[in-house]
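Student: Here's the letter readout for the chains.
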Amino acid sequence: MEATTNQSQKQNSTDAKKAAPKPCLSGRGITKVFGVGKVQTVAVDHVDFDFNEGEIISIVGESGSGKTTLSKMLLGLISVTEGEIEYQGKPRDISSASKKKEYWKNIQPIFQDPFSSYNMFYKIDAVLDDCLNMRGFKHLPEEQKIQMKTEACSFVNLKYAELTNKYPFELSGGQMQRLMIARIFLLKPKILMADEPTSMIDACSRATILDMLLKLRDEINMTIIFITHDIGLAYYISDKVYIMEHGKFVESGTAEDVIINPKADYTKRLISDVPKIYEKWDLDTVAN
Amino acid sequence: MKNTIKQIFHSGKFLFGFVIFLFILLMCIIYPIFVTADPLQMIGQGNFFKPGTYVSVEESTLEKSYTLQLPKQFSKLDAVLDVDTRAKIQEFLIKQAGVAESEIDVTDAEGLVSLWQANYDPNTKYSGLTSAKRKALKRLDSDIKAAMKDSGVIVAEKNEEGELEQSKVIKDTDYININDVTKKTFILGTDNFGRDVLTELVAATKSSLKIGLLAGLIATAIGLLLGLLAGYVGGLVDNIIIFITNLFTVIPSFVILILISYSVGDKARGIIMVGVIIGLTSWPWTTRSVRSQVISLRNRDHVNLSKLSGHSMFRIIFTDILPYIASYVVMAMILQISSGILAEAQLSMIGLGPATTETATLGLMMQWAMQYSAHLNGSWWAYFPVVILIALISFSLNLMNTGMDQVFNPQLRD
Numbered sequence: 001m002e003a004t005t006n007q008s009q010k011q012n013s014t015d016a017k018k019a020a021p022k023p024c025l026s027g028r029g030i031t032k033v034f035g036v037g038k039v040q041t042v043a044v045d046h047v048d049f050d051f052n053e054g055e056i057i058s059i060v061g062e063s064g065s066g067k068t069t070l071s072k073m074l075l076g077l078i079s080v081t082e083g084e085i086e087y088q089g090k091p092r093d094i095s096s097a098s099k100k101k102e103y104w105k106n107i108q109p110i111f112q113d114p115f116s117s118y119n120m121f122y123k124i125d126a127v128l129d130d131c132l133n134m135r136g137f138k139h140l141p142e143e144q145k146i147q148m149k150t151e152a153c154s155f156v157n158l159k160y161a162e163l164t165n166k167y168p169f170e171l172s173g174g175q176m177q178r179l180m181i182a183r184i185f186l187l188k189p190k191i192l193m194a195d196e197p198t199s200m201i202d203a204c205s206r207a208t209i210l211d212m213l214l215k216l217r218d219e220i221n222m223t224i225i226f227i228t229h230d231i232g233l234a235y236y237i238s239d240k241v242y243i244m245e246h247g248k249f250v251e252s253g254t255a256e257d258v259i260i261n262p263k264a265d266y267t268k269r270l271i272s273d274v275p276k277i278y279e280k281w282d283l284d285t286v287a288n
Numbered sequence: 001m002k003n004t005i006k007q008i009f010h011s012g013k014f015l016f017g018f019v020i021f022l023f024i025l026l027m028c029i030i031y032p033i034f035v036t037a038d039p040l041q042m043i044g045q046g047n048f049f050k051p052g053t054y055v056s057v058e059e060s061t062l063e064k065s066y067t068l069q070l071p072k073q074f075s076k077l078d079a080v081l082d083v084d085t086r087a088k089i090q091e092f093l094i095k096q097a098g099v100a101e102s103e104i105d106v107t108d109a110e111g112l113v114s115l116w117q118a119n120y121d122p123n124t125k126y127s128g129l130t131s132a133k134r135k136a137l138k139r140l141d142s143d144i145k146a147a148m149k150d151s152g153v154i155v156a157e158k159n160e161e162g163e164l165e166q167s168k169v170i171k172d173t174d175y176i177n178i179n180d181v182t183k184k185t186f187i188l189g190t191d192n193f194g195r196d197v198l199t200e201l202v203a204a205t206k207s208s209l210k211i212g213l214l215a216g217l218i219a220t221a222i223g224l225l226l227g228l229l230a231g232y233v234g235g236l237v238d239n240i241i242i243f244i245t246n247l248f249t250v251i252p253s254f255v256i257l258i259l260i261s262y263s264v265g266d267k268a269r270g271i272i273m274v275g276v277i278i279g280l281t282s283w284p285w286t287t288r289s290v291r292s293q294v295i296s297l298r299n300r301d302h303v304n305l306s307k308l309s310g311h312s313m314f315r316i317i318f319t320d321i322l323p324y325i326a327s328y329v330v331m332a333m334i335l336q337i338s339s340g341i342l343a344e345a346q347l348s349m350i351g352l353g354p355a356t357t358e359t360a361t362l363g364l365m366m367q368w369a370m371q372y373s374a375h376l377n378g379s380w381w382a383y384f385p386v387v388i389l390i391a392l393i394s395f396s397l398n399l400m401n402t403g404m405d406q407v408f409n410p411q412l413r414d
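From first to last, the protein sequence lines stand for chains A and B.
Counting with the working numbering, you get residues 1 to 288 for the letters of the first sequence.
Counting with the working numbering, you get residues 1 to 414 for the letters of the second sequence.
Don't read these hints as lab results, they were simulated from the structure.
Be aware that a few hints might be false.
Reference excerpt, derived from the structure (chain A facing chain B, CB under 7 angstroms, subset only) [what the hints assert, rightly or not]:
no., residue
1, L77
2, F111
3, S117
4, N119
5, F121
6, Y167
Residues of chain B clear of chain A, computed beta-carbon distances all greater than 12 angstroms [to be verified]:
no., residue
7, L22
8, T85
9, E103
10, Q293
Subject to a maximum C-alpha distance of 30 angstroms in a straight line, what follows is the list of computed BS3-like cross-link-like pairs (lysine-lysine) [said to hold, decoys possible]:
no., chain 1, residue 1, chain 2, residue 2
11, A, K159, B, K2
12, A, K105, A, K263
13, B, K64, B, K183
14, B, K64, A, K123
15, A, K138, A, K99
16, B, K125, B, K95
17, A, K90, A, K100
18, A, K101, A, K166
19, A, K166, B, K6
20, A, K166, B, K183
21, A, K215, A, K105
22, A, K215, A, K123
23, A, K123, B, K6
24, B, K184, B, K64
25, B, K138, B, K149
C-beta: ideal position from N, C-alpha, C; glycine also.
All chains should be modelled from the sequences, with the hints used to inform the complete structure.
Tutor: What follows is the structure, encoded as structure tokens:
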């Protein structure tokens, strides 16, 4: 029931956007090769994609299929071996530090592992202050800064008063992950690159946070790129789904097309591997 | 930070090493406060005076003397009758005079002398002896006779006419109070130049520690800088730096050290110069290990997050990378200090250390002790304390390093 209403909602919203799909991030023949010679590993193999503004895109694939490598290339953290990334219709230019900084104002990540995402030598306030500085709020009065931080934390069910003056290792994994998401509420980037953003969060908070992210999307027309193994989540929230296997996109399209009528064998397998309540778990595909 | 320091001091190994090092450090600080003499002053006119207290002979003879009826600690007879002489007397008594062996007790000097006087006649020509031996026996007899005269030592002074005039007779029961005369104690004796070894040792430890610290700081600074740059920037910068580092690693740094030391010249080699030279040749392994640590750190998410927060390269290096390797760098520096001290000792041993006339270092003390064969003539005080001190310094530093390693790397704890 819920799924269908959501679907229709989503249908409406995508219909509205479809009127003028503005390409936000697109790539042609993106390839990343690690190593040289015999130890060469092709992590991402000539992938093409078009992410439009305001869309929610899911990239689904098993571990080691190159999802995180692709996200790091899109973030500009690692170089692209081959291919070209276009940002807002123009070739992406991050050749200098200032251009990178400008680019990073528009694209921000939520990392997979919250435990390694913080500098353990600095209090978490530093992370949030960095976000404010990045948006040019460095010289705002202190009260206003605190108010903004408190607000951002409340979006993700965190109390800023409890967190301030604490070190990252004093937080639980879930709190760290939520704080990472709170950054996004402070930064309000154009593109969000969320790598398994809710893996550490309990089901209850997960729904709330996803809801908040979707609201933020509606508010500032943010493009959200979800990277996940959870094909159920992908179906629930995304407009477009890309299925990745061994560095290649084996299937792509709208969520309904890909998940209700999968064409590629790999997609079928991924879908059948999801355990469902009240149904016997079909493990036949695993044997293959 | 506070917690880390607390944790470090909980490590027994670190604490033990730290206490030893602190003791050495305190010795270097406190000793010069009490002994202000120049450590390079050549007091003794001669090589390797034994450890002990030296009293003024002139004052001892002139000072008021006390008569003490003590068992003779020093007698002229004992001075004459050493072990070899006693054996000679015994041999003579048995072979030439026909005294039974059971009657002779070599440990009893008086009995031996009375037997000698009863049996030896300087005018008899004993057969079965070479003339050299006969003459030796005659000399021994006159020595014994001289020693048996209980006349004491006569102190004579020249009078106005230039003739000797007896002014005092010193008997063997005469004693003086040691506090009445000028004296000088050399706890560790003197070295080949007649310098007080203990004072010199303290000064040498101080300058060796200075050299080690300077060398360690320079080596760590260069190694850290290059390692951070190579590791974080990567690419061409990494290739160039690692090429230079490999070049220095392949050529034994001690050879470079010798060549630089030699070309700098004897005059210019002071403490600072030697420290700088050692520091400039020992940075490669710090560079290599810092680089590998940085490479593993630079792809961590917290560094990525910092990048994405718009921080500059230098800020990322100083706030996101340096704190993570700080403990490692401190440990590497301790090892560099320790090896700097050893490198100075090695350099000085082959005569390429600091100039001897200007400063004392542990290496130089070893070098001079060896040059003057202290190890062959039994002058242990000239080199043994130095060896012990070098060993203690590097032992304590390495122990501190191991202790810290166990704190920072819990996998190593047993």
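Student: None of the hints should be skipped; say for each whether it holds.
Tutor: So, going through the hints one by one against the coordinates:
Annotation: interface hint on A/L77 holds; nearest CB of chain B at approximately 5 angstroms, less than 7 angstroms. For A/F111, the shortest C-beta to C-beta distance to chain B is roughly 5 angstroms, which falls under 7 angstroms, so the interface hint holds. Proximity of A/S117 to chain B holds as hinted, the smallest CB-CB distance being about 4 angstroms (cut-off 7 angstroms). For the restraint placing A/N119 at the interface with chain B, the shortest Cβ-Cβ distance is roughly 5 angstroms, inside the 7 angstroms limit, so the hint holds.
Of the supplied interface hints, the one on A/F121 holds, with its beta-carbon coming within about 4 angstroms of a beta-carbon of chain B, less than 7 angstroms. About 11 angstroms separates the beta-carbon of A/Y167 from the nearest beta-carbon of chain B, more than 7 angstroms, and the hint is not met. Consistency note on B/L22: stated as away from chain A, and its beta-carbon is indeed over 12 angstroms from all of that chain's, at 28 angstroms minimum. Every CB of chain A lies more than 12 angstroms from the CB of B/T85, the least distance being 79 angstroms, so the non-interface label holds.
Distance to chain A confirms B/E103 as a non-interface residue, since its nearest Cβ pair spans about 90 angstroms, more than 12 angstroms. Interface exclusion of B/Q293 from chain A stands, the closest Cβ pair being 15 angstroms apart, more than 12 angstroms. Among the hinted pairs, A/K159 with B/K2 is consistent with the structure: their alpha-carbon atoms are about 28 angstroms apart, no more than 30 angstroms. A C-alpha spacing of about 38 angstroms is found between A/K105 and A/K263, which places the hinted pair above 30 angstroms, so the restraint is violated.
Between B/K64 and B/K183 the alpha-carbon distance is near 16 angstroms, which keeps this suggested pair within the 30 angstroms criterion. Between the alpha carbons of B/K64 and A/K123 the distance comes to roughly 80 angstroms, so the proposed pair goes past 30 angstroms and is violated. For the hint pairing A/K138 with A/K99, the CA-to-CA distance comes to about 20 angstroms; that is within 30 angstroms, so the pair holds. About 14 angstroms separates the Cα atoms of B/K125 and B/K95, which keeps this hinted pair within 30 angstroms; it holds.
Taken as a hint, the A/K90 and A/K100 pair is honoured in the structure, with Cα atoms around 15 angstroms apart against an allowance of 30 angstroms. For the proposed pair A/K101 and A/K166, the alpha carbon gap of about 28 angstroms is at most 30 angstroms, so the pair holds. Restraint check for A/K166 and B/K6: the C-alpha separation of about 20 angstroms stays at or below 30 angstroms, so the hint holds. Taken as a hint, the A/K166 and B/K183 pair is broken in the structure, with Cα atoms around 67 angstroms apart against an allowance of 30 angstroms.
Among the hinted pairs, A/K215 with A/K105 is consistent with the structure: their alpha-carbon atoms are about 20 angstroms apart, no more than 30 angstroms. As the CA atoms of A/K215 and A/K123 are separated by approximately 29 angstroms, the hinted pair is consistent with the 30 angstroms bound. Straight-line distance between C-alpha atoms of A/K123 and B/K6 comes to about 21 angstroms, which keeps the hinted pair within the 30 angstroms bound. At roughly 20 angstroms between alpha-carbon atoms, B/K184 and B/K64 fall within 30 angstroms of each other, so this suggested pair holds.
Simply put, B/K138 and B/K149 have alpha-carbon atoms about 17 angstroms apart, close enough for the 30 angstroms limit, and the pair holds.
The structure is inconsistent with the numbered hints 6, 12, 14 and 20, although it conforms to all the rest.
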